[in-house]
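Enquirer: Chain residues, written in single-letter form:
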Amino acid sequence: MSKLIYSQFDMEVQPPYLAPEYKSTILRSPSKPLIITKKTLSELSGPIFKDFELGNLDHDLTKNAIKDGEPIGERIVVNGKVTNELGQPLPHTLLEIWQANSAGRYVHKVDQHDAPLDPNFLGAGRCMTDANGNYKFYTIKPGAYPWGNHSNAWRPNHIHFSLFGGDISNRLITQMYFPNDPLLEFDPIYNAIPKRGRELLISSFDLSVTEPEYALGYRFDIVLRGHNATPFENK
Amino acid sequence: MTTKNKISPQTPSQTVGPYFAYGLTPEQYGYNFKSWVDNKMVDPSKNPNAINIFGKVYDGEGNTINDAMIELWQNDGEKKLFGRYGTGTDEDNQFSFSTIKPKSVDGQAPYINVILYMRGQLLHSYTRIYFSDEQELNQTDSVLNSIPNERRDTIIAKKTNIGYEFNIYMQDANETVFFKI
Numbered sequence: 003m004s005k006l007i008y009s010q011f012d013m014e015v016q017p018p019y020l021a022p023e024y025k026s027t028i029l030r031s032p033s034k035p036l037i038i039t040k041k042t043l044s045e046l047s048g049p050i051f052k053d054f055e056l057g058n059l060d061h062d063l064t065k066n067a068i069k070d071g072e073p074i075g076e077r078i079v080v081n082g083k084v085t086n087e088l089g090q091p092l093p094h095t096l097l098e099i100w101q102a103n104s105a106g107r108y109v110h111k112v113d114q115h116d117a118p119l120d121p122n123f124l125g126a127g128r129c130m131t132d133a134n135g136n137y138k139f140y141t142i143k144p145g146a147y148p149w150g151n152h153s154n155a156w157r158p159n160h161i162h163f164s165l166f167g168g169d170i171s172n173r174l175i176t177q178m179y180f181p182n183d184p185l186l187e188f189d190p191i192y193n194a195i196p197k198r199g200r201e202l203l204i205s206s207f208d209l210s211v212t213e214p215e216y217a218l219g220y221r222f223d224i225v226l227r228g229h230n231a232t233p234f235e236n237k
Numbered sequence: 261m262t263t264k265n266k267i268s269p270q271t272p273s274q275t276v277g278p279y280f281a282y283g284l285t286p287e288q289y290g291y292n293f294k295s296w297v298d299n300k301m302v303d304p305s306k307n308p309n310a311i312n313i314f315g316k317v318y319d320g321e322g323n324t325i326n327d328a329m330i331e332l333w334q335n336d337g338e339k340k341l342f343g344r345y346g347t348g349t350d351e352d353n354q355f356s357f358s359t360i361k362p363k364s365v366d367g368q369a370p371y372i373n374v375i376l377y378m379r380g381q382l383l384h385s386y387t388r389i390y391f392s393d394e395q396e397l398n399q400t401d402s403v404l405n406s407i408p409n410e411r412r413d414t415i416i417a418k419k420t421n422i423g424y425e426f427n428i429y430m431q432d433a434n435e436t437v438f439f440k441i
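Chains A and B supply the protein sequences, listed in that same order. Sequential numbering from 3 applies to the first sequence in the numbering used here. Sequential numbering from 261 applies to the second sequence in the numbering used here.
The set of hints was computed from the structure by calculation and includes no laboratory data. Keep in mind that a hint or two might mislead.
Okay, the calculated bits of chain A under chain B, using three or more residues with CB under 8 Å as the criterion [said to hold, decoys possible]:
1) 27 to 41
2) 105 to 113
3) 120 to 126
4) 168 to 180
5) 195 to 206
For each residue, glycine too, the CB sits at the ideal point set by N, CA and C.
Could you build all of it, start to finish, from the sequences and the hints given here?
Expert: In structure tokens form, the structure reads like this:
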């Protein structure tokens, strides 16, 4: 197991820094080789979330920004399990999520897409895994939107996820996509991932999570690198 | 026992994108959502040892990046501090943190871990901040000494009269040393 503590990003499934089809990587990817360093106390630990108090509505993006009505769009429940590479569940892992609204517009001040903002939807929230590594949150299915990468470029529907496992080496920011999205094959951000990694980012429709008369369910399991359920603070 | 288990493939990383602000740094950018962490790792008005670390992130053409996000993590065994800040709310695209200098652990030079994200990075980058006024420890530090001489200064923050300046260069001659951890 100690070997797994030192596991690296698996470049057979992880994207490279430089992926020229996604143009912004050209000037923003390191050009010199990374330097390998032995992990010390600071790398073998990370912020702890047990004490962090989530707001009552942090896990419910359909309610956490309501001003005068329900957010527009298709309500969904997203659930899944966060594990390490050995399949061991990671409890008390914080997931931060953000996304566009159902029309494909981000609340972000510099998003110029000419699609309506939803006064009752912010598109940001967070949740934490339980003792068994499971998480669940409610939201509105995000819309696709155009971006300036190339002519007629559209991002597939996606939700951004940010996670911390037990230490900073398994820090992950990723995107969850939806099954059968016709835009995936044209998306350079998705396609920057080697082929065998791509399907890992597509959620599956999950009838067992779907709530009758309320919301469709999707499942998205997440695997963090390294083996590190708890920080190694005593070393 | 568990070593015989099948290894599950890692979930691939994706860019933080340009619109991370209201999800990860909402209060900094003025969104009505509580931040769980910001750039005040210590309160400078209450902590006599507080230091200010500031800098910019430059792309391969020397332009400052306004949609980068920096996370600092330090653990010296006594103090564990975490901070997060985006470069998009300062007119010079600068980041800044209030923290304290970590103490030296096992003879290493004091340092802070940096995790860097931005639009255009599919995978985040790791680097470290060392301090220019720790010359003695810096000279004997095994990590600093594993770095080619001419690149060592890229991860040593310079002490100025307003704090420690730490600029990050993504590419080329001044390219910051990034680590594989």
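Enquirer: All hints are to be evaluated individually against the structure, with a verdict given for each.
Expert: Hints and how they fare:
1. Proximity of the segment 27 to 41 of chain A to chain B, defined as three or more residues with a beta carbon under 8 Å from a beta carbon of that chain, is established by the 14 residues found.
2. Coverage of the segment 105 to 113 of chain A by chain B holds [criterion: at least 3 residues with CB-CB distance below 8 Å; count 6].
3. As drawn, the segment 120 to 126 of chain A meets chain B at 3 residues by the rule of a beta-carbon pair under 8 Å; at three or more, the given contact holds.
4. Only residues whose C-beta sits within less than 8 Å of a C-beta in chain B count toward coverage, and the segment 168 to 180 of chain A has 7 of them, enough to reach three; the restraint holds.
5. Figure legend: the segment 195 to 206 of chain A, annotated as covered by chain B; annotation consistent (6 residues with Cβ-Cβ distances under 8 Å, at least 3 required).
Checked against the numbered hints above, the structure violates none of them.
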